[in-house]
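Work out the full structure: start from the sequences and follow the hints.
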Amino acid sequence: MTEEKKFYLTEEGLERIRKEYENLKELRLAKTRRESPEILYSEDLNPEYLAFREDINFLGSKIIEFENIIKNAELIRPPKKEKQNIIDLGATVLVEINGEIDEFRLVGTLEADPSNRKISNESPIGRALLGKRVGEIVVIKTPIVNHACKITKIKYNNNNKAIRL
Amino acid sequence: MRGIKKFKIDTKELSQKEKVLFKKLISAAELIAPLYLKQKNNKHPGANFYPYDATKEEIERAARKNPAILSSYTFVERDKAGKLIAIPYHLKFKKELKPISEFLEEAADLSEDKNFSLYLRSRAKSLLDDNYEKSEIIWLKTNSFKFGFIIGPIERYLDRLFFKKCAYQSWIGFLDEEKTKEAEKIKNAILTGRRKILSGSEKAEISKLGIRVDRTAIFSGLIADFMFTGTNLPNDVKLMEKYGSKLTIFESSLESKFKGDHLPIFKAVFDKKFQKSYSEEDLYKGSLRCILLHEISHSLIRYRDAEERLKDLFPVFDELYAYILGIKNCGILFLKGVMNQKELEAILIMHICRNFTWWLDSIKNPDVKHYAIGAVIAQNFFLKEGAMREKGGISWPNFTKLFICINELSRLLEYYLAVGSYEEAKEFIGEYSSFNVFKRFSPQLTKISKLK
Numbered sequence: 001m002t003e004e005k006k007f008y009l010t011e012e013g014l015e016r017i018r019k020e021y022e023n024l025k026e027l028r029l030a031k032t033r034r035e036s037p038e039i040l041y042s043e044d045l046n047p048e049y050l051a052f053r054e055d056i057n058f059l060g061s062k063i064i065e066f067e068n069i070i071k072n073a074e075l076i077r078p079p080k081k082e083k084q085n086i087i088d089l090g091a092t093v094l095v096e097i098n099g100e101i102d103e104f105r106l107v108g109t110l111e112a113d114p115s116n117r118k119i120s121n122e123s124p125i126g127r128a129l130l131g132k133r134v135g136e137i138v139v140i141k142t143p144i145v146n147h148a149c150k151i152t153k154i155k156y157n158n159n160n161k162a163i164r165l
Numbered sequence: 166m167r168g169i170k171k172f173k174i175d176t177k178e179l180s181q182k183e184k185v186l187f188k189k190l191i192s193a194a195e196l197i198a199p200l201y202l203k204q205k206n207n208k209h210p211g212a213n214f215y216p217y218d219a220t221k222e223e224i225e226r227a228a229r230k231n232p233a234i235l236s237s238y239t240f241v242e243r244d245k246a247g248k249l250i251a252i253p254y255h256l257k258f259k260k261e262l263k264p265i266s267e268f269l270e271e272a273a274d275l276s277e278d279k280n281f282s283l284y285l286r287s288r289a290k291s292l293l294d295d296n297y298e299k300s301e302i303i304w305l306k307t308n309s310f311k312f313g314f315i316i317g318p319i320e321r322y323l324d325r326l327f328f329k330k331c332a333y334q335s336w337i338g339f340l341d342e343e344k345t346k347e348a349e350k351i352k353n354a355i356l357t358g359r360r361k362i363l364s365g366s367e368k369a370e371i372s373k374l375g376i377r378v379d380r381t382a383i384f385s386g387l388i389a390d391f392m393f394t395g396t397n398l399p400n401d402v403k404l405m406e407k408y409g410s411k412l413t414i415f416e417s418s419l420e421s422k423f424k425g426d427h428l429p430i431f432k433a434v435f436d437k438k439f440q441k442s443y444s445e446e447d448l449y450k451g452s453l454r455c456i457l458l459h460e461i462s463h464s465l466i467r468y469r470d471a472e473e474r475l476k477d478l479f480p481v482f483d484e485l486y487a488y489i490l491g492i493k494n495c496g497i498l499f500l501k502g503v504m505n506q507k508e509l510e511a512i513l514i515m516h517i518c519r520n521f522t523w524w525l526d527s528i529k530n531p532d533v534k535h536y537a538i539g540a541v542i543a544q545n546f547f548l549k550e551g552a553m554r555e556k557g558g559i560s561w562p563n564f565t566k567l568f569i570c571i572n573e574l575s576r577l578l579e580y581y582l583a584v585g586s587y588e589e590a591k592e593f594i595g596e597y598s599s600f601n602v603f604k605r606f607s608p609q610l611t612k613i614s615k616l617k
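In order, the protein sequence lines correspond to chains A and B.
Residue numbers in the first sequence follow the numbering used here, run continuously in steps of one, and reach 165 at the last position.
Residue numbers in the second sequence follow the numbering used here, run continuously in steps of one, and reach 617 at the last position.
It should be emphasised that the hints constitute simulated quantities derived from the structure, not laboratory data.
Misleading hints may appear alongside valid ones.
Below, simulated SDA-like cross-link-like pairs (lysine to any residue); rule was C-alpha separation at most 25 Å, straight line [stated by the list, open to error]: (1) LYS373(B) <-> GLU298(B); (2) LYS350(B) <-> SER115(A); (3) LYS507(B) <-> LYS155(A); (4) LYS155(A) <-> LEU110(A); (5) LYS350(B) <-> ASP113(A); (6) LYS368(B) <-> ARG469(B); (7) LYS118(A) <-> LYS352(B); (8) LYS549(B) <-> PRO143(A); (9) LYS361(B) <-> ALA128(A); (10) LYS612(B) <-> VAL434(B); (11) LYS263(B) <-> LEU283(B); (12) LYS155(A) <-> LYS361(B).
Here is the structure:
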């Protein structure tokens, strides 16, 4: 039996997914409650009916996708105090990389939003930093870009919210 | 019409009133081109801004007694006694500027956006007294105008003697909200990092960076001649520090440059097998990102004393470093998962094609030489460090080495802009400015119109 993919989410991330899931279900219900357009228009398939089916199918597949995420969601929780010097999901880190000082939080891919300092654990930098400690210099190697990255601070928020270092 | 470039854009979404307003702005923009053409003269490094017989030393001497001589908004002429005098643009072009100013006033009457009206009225006044600061501040403080509109003397590239005199230009475009949102995301992802600053430098901190992507309808004056695909204004570092800066990406000119230059160059200079890995869409996106990152970088590399220190060499370093830092920042974006490897490679490829474009442009228009010199420095640097291989007029990039080169070049350019002296900068240019690196590709580039 293949193991199902886990989706790592913060509490607020999971809450957002749940809300979107409920909205999608309501939308589908509202659509199906309304009378469906006639299948045929003259002797041809009614384009309005085709559009209606397309919408219902799209909503159905999105609902299944969200159900799968909620079922396999793994909440990101701050680690025990003695392990808070190690980078794990949910950690906000301060790093020096290629002459720049940068700060971001490591999150699951679903919540990644680099323009708001949320970086995916599956990105090259996310993968390289997981499990590392303050003071360590990590060499991030990719086929095209190679950079050394020095970890200067790691912090977790016990309320599980993003923080600024 | 000379000095004007028009692009086809859809105006269906405009209301009837907006269509009339738009026509007024177009009329104003069209009248700017003749003023630019009176300033332009690429046979002389000082264009038509200074008497042809005046030496650099004589102008500098005169400017010590009369600072208006090197003001951004004056022509320098000789009086009857042969003495150098400054004639303000608004007096020299009094007759020509009046109808332009009136078109702006009429457009302001039609606008339902109060801030846009305020900006147009202020700009109308600026044209008649050469005091542009007030209208620039209004423009900088608002980022949501439906029309992207600029008019006035702005860029200094025509003045290859001192890089002081501003040339007239205008553009009009409509905001592309969807593309602007995408550009905003890239900008925000870049701005999370803080660069370390060289000690002893006078780094300017630009607090705010507005961004918009426009569907451009018309370029007039210098911008039509240079066919910019993006810009970051204002140029005055004091204004930038106080009110921030605003960058505009011109989709229409980008599409035209991509189809007319970047793509044909890609097909002419790269190995055929290598070409197959990249679709036209990948490459267009790469070109768009290249200019976007370049313009964002302009706000990150300003030093208060750089223009005075590097004088006429300043634009070479400012433009080249904006490209190089933009690409360097892409490396971090790739590591953060903002873009994938293919997208990053497309940006690098398009940077190389843009280098060729600037060289080709400079053959017909020596006024773009600042860009061409920057391009040739990068290209020679890449070749010398083994980041590009060449055989029989065909080239292959080594992306890993290119990135190492970009980091090294970035370190050097930062030095010259931050603290380097004029002599050091000149020596560096001398080392990397042989155009043979482009010229040997001439046979396969003849299909591109500029070499015909």
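These are the hints, each one checked on the structure:
About 17 Å separates the Cα atoms of LYS373(B) and GLU298(B), which keeps this hinted pair within 25 Å; it holds. Restraint check for LYS350(B) and SER115(A): the C-alpha separation of about 5 Å stays at or below 25 Å, so the hint holds. For a cut-off of 25 Å, the pair hint linking LYS507(B) to LYS155(A) is broken: about 34 Å separates their Cα positions. Between LYS155(A) and LEU110(A) the CA atoms are separated by roughly 21 Å; this keeps the pair inside 25 Å, and the hint holds.
Note on LYS350(B) and ASP113(A): the hinted pairing holds, with a Cα-Cα distance of about 9 Å set against a maximum of 25 Å. In summary, the hint linking LYS368(B) to ARG469(B) is supported, as the alpha carbons are separated by about 6 Å, within the 25 Å threshold. Of the pairs offered as hints, the one joining LYS118(A) and LYS352(B) holds, with about 15 Å between alpha carbons and a cut-off of 25 Å not exceeded. Between LYS549(B) and PRO143(A), the direct Cα distance comes to roughly 22 Å. Compliance with the 25 Å bound is thereby established for this hinted pair.
This hinted pair checks out: LYS361(B) and ALA128(A) have alpha carbons roughly 23 Å apart, not beyond 25 Å. Distance restraint check for LYS612(B) and VAL434(B): the Cα-Cα separation of roughly 12 Å lies within the 25 Å cut-off, and the hinted pair is therefore satisfied. For a cut-off of 25 Å, the pair hint linking LYS263(B) to LEU283(B) stands: about 18 Å separates their Cα positions. Proposed proximity of LYS155(A) and LYS361(B) is supported: the alpha carbons are some 23 Å apart, at most 25 Å.
The structure is inconsistent with hint 3 alone, although it conforms to all the rest.
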